[in-house]
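Peer 1: Let's have the full structure, built from the sequences with the hints guiding it.
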Amino acid sequence: MVGPNVTLTPLSRADGSASYQCPSTGSNILGSVNAPVELPGRRDALKPEEATVEVFVKPGTAPAGVGERYVEGIIKTMISRLILGREKGYPRRGVVITLAIVGGQSARRGDSYLTLLPALLNTSLLALLSASVPMSMTFSATSLAVTSTGDILREPTAEVASSAASVHVLAFSSKGHLLLNESQGAFDLDTWDNVRERALAICRGTASYGSDGDVTMSVDVDGQPLEGTIREAVEDQVHRDYAWSIDAV
Amino acid sequence: MAPAAAASPAAQPTPPSLSLPPSQFARLQPHAYLLAHLSPPTTSNHPSIRANGRAPTQFRVTSANTGSLTHTNGSAVVRVGETAAVCGVRAELLHTADIASWSVTQPSTGSANKRRKLVDPTLKASETAGDGDDEESSDKDESHIEDLNLLVPNLSLSTGCAPGFIPGAPPSALAQSLSQQILSLLHSTRLVRADDLRIWYQPPNLGPEDLERHNESEQMDVDAEAEGEKNREIKAFWVLYIDVMIISLAGNPFDAAWASVLAALRDTKLPKAWWDIDNETVVCSDAVSDARKLSLRGMPVASSFCVFEADAAAGWRAVILPDAEEERKIAEDNRRGAQRRWILADPDGYEEGLSQERACIVVDKEQGGNGKTVVVKMEKNGGWAIDGRELRQLVDVSSQRWDHIRQILEQC
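Quick note, the sequences are listed as chains Z and L, same order. Sequential numbering from 1 applies to the first sequence in UniProt numbering. Sequential numbering from 1 applies to the second sequence in UniProt numbering.
Calculated from the structure, these hints are not laboratory results. Owing to the predicted nature of the structure, the values given are computational and were not obtained by experimental measurement. For glycine and all other residues, C-beta sits at the position ideal for the given N, C-alpha and C. Check the hints yourself; a few may be wrong.
[To be verified] Here are some, though not all, of the chain Z residues that point toward chain L, as calculated from beta-carbon distances under 8 angstroms:
{"id": "1", "residue": "Arg81"}
{"id": "2", "residue": "Ala100"}
{"id": "3", "residue": "Gly185"}
Peer 2: This is the structure in structure tokens:
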């Protein structure tokens, strides 16, 4: 399985940005984060001891509608729990995340956003990392479709998802917590357990604990776990950014 | 001190200037107030109970009433505690002549049917393996509902339902996302059958053809029937406008809104309609006896939950959080000792303000309650307290809730 194609900080004017391309669904997301910023809203509407998180999703070809409002709400609820909005400089300010769908299919009215959701979540994480927003943990998200015969397909396209029995989006934190679950379509909990197991393997790999307590991530059918991809993308970026100091030594 | 003040302020003979009535304490220290109720000191005999007097998995008193609005095709009022939702279903006709892409996508129903039959075997092979007759009637046929937007739900919160929502204001982000949730649940559960919304026209068999057939063998009769079946065409669709107004909001709007949509659709009657060839229009029958109800697929019922954390700072303090494995061990220890988080069913407005993590589970039971529970939608967001084991418990709670809601809906 080919991993996602990730670029950090492609935009120079935003505080942080990332572009994320998922090869299996073909979705291409460009995300930017500005934080902390003064929000133009009424000062008394802002929370006095916490940062306000705002998420905007722009579909590729149409103005944003109710579907985008819904997915913005999901991303906002999840991210605002991870951002340490009480750090110095953040209270009464805003963290503004803008996600533009620049490639792949956009969802039509009434379509479920579930096939796009993992790409949107992973992009917003990378953009937040690029903007150095303090967070309690990182995460990785994936989507799975269960066909009527019970096969589990990874990161389905919109067509596959519409013919599948159920579609699931799961996000796991860097510490193994289940952060988000969005399941649609008929299924039972035994199926869901299989889905969760597979999603955990995709996101974090089949982790095996070494004798020294280190976690080694093994590579299996799903290729490199998503978390590793995200980690490597950030490592590479840091390596490039600090090339001057590394070379100087 | 906190629970004493909350539980029995009158019992203390202290001077009045020093004691706070519970309502003030609830406003000043909401988190401590709810926590004091859920974990009373071991010295007192108070049971662990929510501030609103309910047990953690207890839902609010629910009532439903259908057919209250006379100008709609179906309507319902559902009250869940202090949250009340009114839903009206209005049916309007959509002529296929008005659908721009109709003649292109559906060149003629006859050939479309034929093609469908040709394509189907490959499709069905995988479909029928899963489960039976329900899938059979509905693969391509059902796409009409989604493609032509035959179901149009809208939810309005701008009714003065709660202090935060100004009447007459544009739809808030919450109202929009609730509308979307209702729409996607209507699509994913395929609650309404596309066949109920179609208005067919069967052209009469004209004389000359009949005469020709007469001289030939009987086999032609079968053919003629097939021919007639083939000529049947869709002339119009019913579009259902499903409008929900939350007239009072005290937490958990989705459960109430969905229950009202379900009750209203169960109540909906569509008048008998047919294509009038002379006037080239669709005409409807006035007689109530001709109207027929929608035949819905199943009865999905939504139940929402929130998680209340004892440690208010758990989420934002910049400490190293325990990872999932450690977490599980802590949870084991906690089951013996003091609890640190509670999953509350059907949260009211006060509890919603104190919790970030939410879960929503929509279940249905096959064969009218005798079959096993099927989860139709499962959402969990905003925290890390709910995982596989908790979700399993919540599905059990939701399936009990399903039995309860079915009783309520069948009575009204």
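Peer 1: Take the hints in turn and mark each one as holding or not.
Peer 2: To see whether the hints hold, each was checked on the structure:
1. Of the supplied interface hints, the one on Z:Arg81 holds, with its beta-carbon coming within about 5 angstroms of a beta-carbon of chain L, less than 8 angstroms.
2. The beta carbon of Z:Ala100 comes no nearer than 19 angstroms to any beta carbon in chain L, farther than 8 angstroms, and the hint placing it at the interface is violated.
3. Annotation: Z:Gly185 was flagged as interfacial toward chain L, and the flag holds, the nearest CB pair being 5 angstroms apart, inside 8 angstroms.
Hint violations for this structure: number 2 only, all remaining hints satisfied.
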